[in-house]
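Chemist: Residues per chain are reported as follows:
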Amino acid sequence: MSGDSVVAPKLAAPIVQLIDVRKTFGAVPVLNGISFDVAKGEVVCIIGPSGSGKSTLIRCINALLPVTSGTIRVADIEVGDPRLDKLALRRKVGMVFQQYNLFPHRTALQNVMMAPLHVLKQDRIEVEARARALLAKVQLAGKEDTYPGELSGGQQQRVAIARSLAMRPEVMLFDEVTAALDPETVKEVLVTIHELADEGMTCLLVTHEMGFAREVADHIYFTDKGVIVEHGPPQEFFTAARDERTRRFLSQVL
Amino acid sequence: MNAVADWFRTLYETTGINLTIFYDAYDFQRYAAGIGMTLFLSVASIVASVVIGAAGAAAQGSGSALVRQSVQAFVVVFRNTPPLVQIFFFYFGVGAVIPGIETSYGTREPLLGNVAWAVISLSLFAGAFNVEIFRSGIEAVPRTTLEAAEALGYTRLGAYRHIVLPLAVRVCLPALNNNLINLLKTTTLAYAIAVPETLYAAKQIWSESQNVLEMMLLLLATYMVLVGVFAGLMHQWERQMRIPGYHR
Ligand SMILES: Nc1ncnc2c1ncn2[C@@H]1O[C@H](COP(=O)(O)OP(=O)(O)OP(=O)(O)O)[C@@H](O)[C@H]1O
Ligand SMILES: [Mg+2]
Numbered sequence: 002m003s004g005d006s007v008v009a010p011k012l013a014a015p016i017v018q019l020i021d022v023r024k025t026f027g028a029v030p031v032l033n034g035i036s037f038d039v040a041k042g043e044v045v046c047i048i049g050p051s052g053s054g055k056s057t058l059i060r061c062i063n064a065l066l067p068v069t070s071g072t073i074r075v076a077d078i079e080v081g082d083p084r085l086d087k088l089a090l091r092r093k094v095g096m097v098f099q100q101y102n103l104f105p106h107r108t109a110l111q112n113v114m115m116a117p118l119h120v121l122k123q124d125r126i127e128v129e130a131r132a133r134a135l136l137a138k139v140q141l142a143g144k145e146d147t148y149p150g151e152l153s154g155g156q157q158q159r160v161a162i163a164r165s166l167a168m169r170p171e172v173m174l175f176d177e178v179t180a181a182l183d184p185e186t187v188k189e190v191l192v193t194i195h196e197l198a199d200e201g202m203t204c205l206l207v208t209h210e211m212g213f214a215r216e217v218a219d220h221i222y223f224t225d226k227g228v229i230v231e232h233g234p235p236q237e238f239f240t241a242a243r244d245e246r247t248r249r250f251l252s253q254v255l
Numbered sequence: 009m010n011a012v013a014d015w016f017r018t019l020y021e022t023t024g025i026n027l028t029i030f031y032d033a034y035d036f037q038r039y040a041a042g043i044g045m046t047l048f049l050s051v052a053s054i055v056a057s058v059v060i061g062a063a064g065a066a067a068q069g070s071g072s073a074l075v076r077q078s079v080q081a082f083v084v085v086f087r088n089t090p091p092l093v094q095i096f097f098f099y100f101g102v103g104a105v106i107p108g109i110e111t112s113y114g115t116r117e118p119l120l121g122n123v124a125w126a127v128i129s130l131s132l133f134a135g136a137f138n139v140e141i142f143r144s145g146i147e148a149v150p151r152t153t154l155e156a157a158e159a160l161g162y163t164r165l166g167a168y169r170h171i172v173l174p175l176a177v178r179v180c181l182p183a184l185n186n187n188l189i190n191l192l193k194t195t196t197l198a199y200a201i202a203v204p205e206t207l208y209a210a211k212q213i214w215s216e217s218q219n220v221l222e223m224m225l226l227l228l229a230t231y232m233v234l235v236g237v238f239a240g241l242m243h244q245w246e247r248q249m250r251i252p253g254y255h256r
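Residue numbers (the working numbering), protein chains in the order written: chain V, 2 to 255; chain X, 9 to 256.
No wet-lab data here; the hints were simulated from the structure. Since this is a predicted model, take the numbers as computed values, not measurements. Keep in mind that a hint or two might mislead.
Said to hold, decoys possible - Residues on chain X that point at chain V, a partial pick, calculated with CB under 8 angstroms: (1) D32; (2) T152; (3) A159; (4) L160; (5) G161; (6) Y162; (7) R164; (8) G166; (9) H170; (10) I171; (11) P174; (12) L175; (13) P252; (14) G253; (15) Y254.
What the hints assert, rightly or not - A partial selection of chain V residues facing chain X, derived with a Cβ cut-off under 10 angstroms: (16) R91; (17) F98; (18) Q100; (19) L103; (20) M115; (21) L121; (22) A167; (23) F239.
Note that beta-carbon positions come from the ideal geometry of N, C-alpha and C, so glycine has one too.
My request is simple: use the sequences and hints to build the entire structure.
Modeler: Below is the structure:
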């Protein structure tokens with residue numbers, strides 16, 4: 002069912018590993034046995050219709066939600082472990098949300114500095130220098146002292162990316178991060194993610210931007226009703242989908 | 009100062025408008041002491057009620073149902089009963105039950121005087137409202153904002169301290185200001201247990217000098233200035249806390 006047999010064995014040890022992950026909300030099953038591996042430096046896109054459990058899946062990976070059964074490993078961390086060190090996990094995994102979720106009472110620069118200062122207790126001068134460099138990296142030099150409410154959606158989302166990167170994660174999770182943006186600003190955020198991917202950051206992206214997925218992804222997973230229906234490298238996936246559900250979905254979004 | 013006194017004395021002699029506090033040193037001193045007492049009652053109960061509100065709102069987020077229900081019971085009791093009844097309850101009811109202390113003359117004196125009871129009951133009265141105000145502020149912080157903090161590695165406490173509370177305070181400032189302004193005005197109820205605050209002093213003066221209308225007007229003017237100054241300070245604070253671009 003999971004279709005794992007199709008995956009070519011990976012050479013490097015996976016940095017993210019899911020084995021038969023299941024999640025129910027009350028009696029409602031949302032994830033029905035998801036298994037896949039993500040290798041270090043790999044860019045994986047998860048696509049699928051609304052309500053298929055993509056956000057739920059992503060949120061289980063950094064333990065914002067507990068799984069009902071199955072195993073999730075991130076690097077050497079067992080996410081389902083009852084004695085899980087959440088801070089250790091969240092240092093490794095950065096997350097960017099659809100609604101940016103910046104801290105509105107702090108400037109762009111402060112948003113990027115807060116977690117390294119408060120959570121990691123790092124040195125303020127180093128944190129500030131790094132935060133400025135990260136804002137410059139996401140093309141926001143000059144916006145350091147601007148409050149989130151004064152920034153465009155695309156700018157806010159890039160601050161959110163910089164804020165995650167400030168924790169030096171090994172994996173980045175993106176949950177439909179361009180879905181709330183105007184069409185003109187979608188591109189600037191995608192460019193930022195593309196650069197990150199090119200630098201070798203391991204990325205798990207939930208996206209409805211098929212063109213972008215095709216361009217940036219090493220591997221694409223199509224989910225429906227909490228299972229992986231079909232997956233493969235983008236070239237193969239977009240041109241030679243075998244499953245009827247995948248073909249119907251693709252015909253709607255392409 | 010003498011010129012002012014002379015002017016008001018002349019005013020009285022020529023028009024009958026009798027503002028004794030401006031030419032009679034004893035009345036002046038009584039009225040000033042009354043304002044001092046009003047300020048003391050206000051500051052003490054404002055501080056205490058804010059502490060009660062913050063502690064109560066924090067306790068309402070507690071895991072223990074017993075703690076949450078106790079806070080809720082406290083809020084309901086103090087919000088749904090008249091503040092004057094609360095003051096009488098504490099001063100005449102609770103005050104009578106609490107054992108007194110032996111004085112050096114061998115007589116018994118109550119442990120807490122009328123001023124202390126006034127502060128306690130006013131603080132609890134306004135504190136009950138503050139609990140609800142702070143709670144609504146905390147609830148106004150979107151869950152997703154808290155989730156972002158969690159994803160960055162913040163502990164629950166860390167997220168409260170650095171994200172939830174700073175946002176909650178801003179959200180609830182207007183309601184808090186309203187409640188504290190009301191509290192300042194409610195301190196006049198302490199009159200009923202003979203706390204020598206502004207209204208009490210005015211009443212003493214007018215019953216001796218038969219200048220009820222003048223003292224009434226003076227009393228209104230006094231409160232307008234007190235509340236005006238306090239409201240001005242609070243609004244300035246509100247402006248300082250305003251977040252650029254937030255809630256456009
Ligand atoms: N906290 C929750 N409690 C109960 N049900 C939930 C909860 N979160 C999600 N669900 C349900 O789980 C299902 C999957 O939701 P999820 O948000 O993961 O879908 P999605 O694939 O991300 O959809 P979309 O593309 O619209 O973002 C939905 O039916 C949703 O109603
Ligand atoms: Mg989603």
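Chemist: Hints first: check each against the structure and report whether it holds.
Modeler: Now the hints, each set against the structure:
With its C-beta approaching chain V no nearer than about 53 angstroms, D32 of chain X sits outside the 8 angstroms limit, and its interface hint is violated. Because the smallest distance between the Cβ of T152 of chain X and any Cβ of chain V comes to about 5 angstroms, under 8 angstroms, the interface hint for this residue holds. For A159 of chain X, the interface hint holds, since its Cβ comes within 8 angstroms of a Cβ in chain V; the closest pair sits about 4 angstroms apart. Below 8 angstroms, beta-carbon pairs count as interface contacts, and L160 of chain X has one with chain V at about 4 angstroms; its hint therefore holds.
About 4 angstroms separates the beta-carbon of G161 of chain X from the nearest beta-carbon of chain V, less than 8 angstroms, and the hint is met. Residue-level restraint check for Y162 of chain X holds (minimum Cβ-Cβ distance to chain V is 6 angstroms; threshold 8 angstroms). Using the Cβ-Cβ criterion of 8 angstroms, the hint placing R164 of chain X at the interface with chain V is not satisfied: the shortest such distance is roughly 10 angstroms. Satisfaction of the interface hint for G166 of chain X is found here, the shortest Cβ-Cβ separation to chain V being roughly 6 angstroms, below the 8 angstroms cut-off.
This hint holds: H170 of chain X has a C-beta 6 angstroms from the nearest C-beta of chain V, less than the 8 angstroms allowed. Of the supplied interface hints, the one on I171 of chain X holds, with its beta-carbon coming within about 6 angstroms of a beta-carbon of chain V, less than 8 angstroms. A least Cβ separation of about 5 angstroms between P174 of chain X and chain V falls short of the 8 angstroms threshold, and the interface hint therefore holds. For L175 of chain X, the suggested interface contact is upheld, since its CB lies about 6 angstroms from the closest CB of chain V, less than 8 angstroms.
Taken as an interface hint, P252 of chain X checks out: its beta carbon lies about 4 angstroms from the nearest beta carbon of chain V, inside 8 angstroms. Of the supplied interface hints, the one on G253 of chain X holds, with its beta-carbon coming within about 2 angstroms of a beta-carbon of chain V, less than 8 angstroms. Annotation: interface hint on Y254 of chain X holds; nearest CB of chain V at approximately 5 angstroms, less than 8 angstroms. Taking 10 angstroms as the C-beta cut-off, the interface hint given for R91 of chain V holds, the closest approach to chain X being about 4 angstroms.
The beta carbon of F98 of chain V is positioned within 10 angstroms of a beta carbon in chain X (closest approach about 6 angstroms), and the interface hint is therefore held. Of the supplied interface hints, the one on Q100 of chain V holds, with its beta-carbon coming within about 6 angstroms of a beta-carbon of chain X, less than 10 angstroms. With its C-beta approaching chain X no nearer than about 8 angstroms, L103 of chain V sits inside the 10 angstroms limit, and its interface hint holds. The restraint placing M115 of chain V at the interface with chain X holds, with a minimum CB-CB distance near 7 angstroms, inside the 10 angstroms limit.
Below 10 angstroms, beta-carbon pairs count as interface contacts, and L121 of chain V has one with chain X at about 8 angstroms; its hint therefore holds. The interface hint given for A167 of chain V is met, as the beta carbon of that residue sits about 9 angstroms from the closest beta carbon of chain X, less than 10 angstroms. Annotation: interface hint on F239 of chain V violated; nearest CB of chain X at approximately 31 angstroms, more than 10 angstroms.
Against the hints set out earlier in the document, violations occur for numbers 1, 7, 23.
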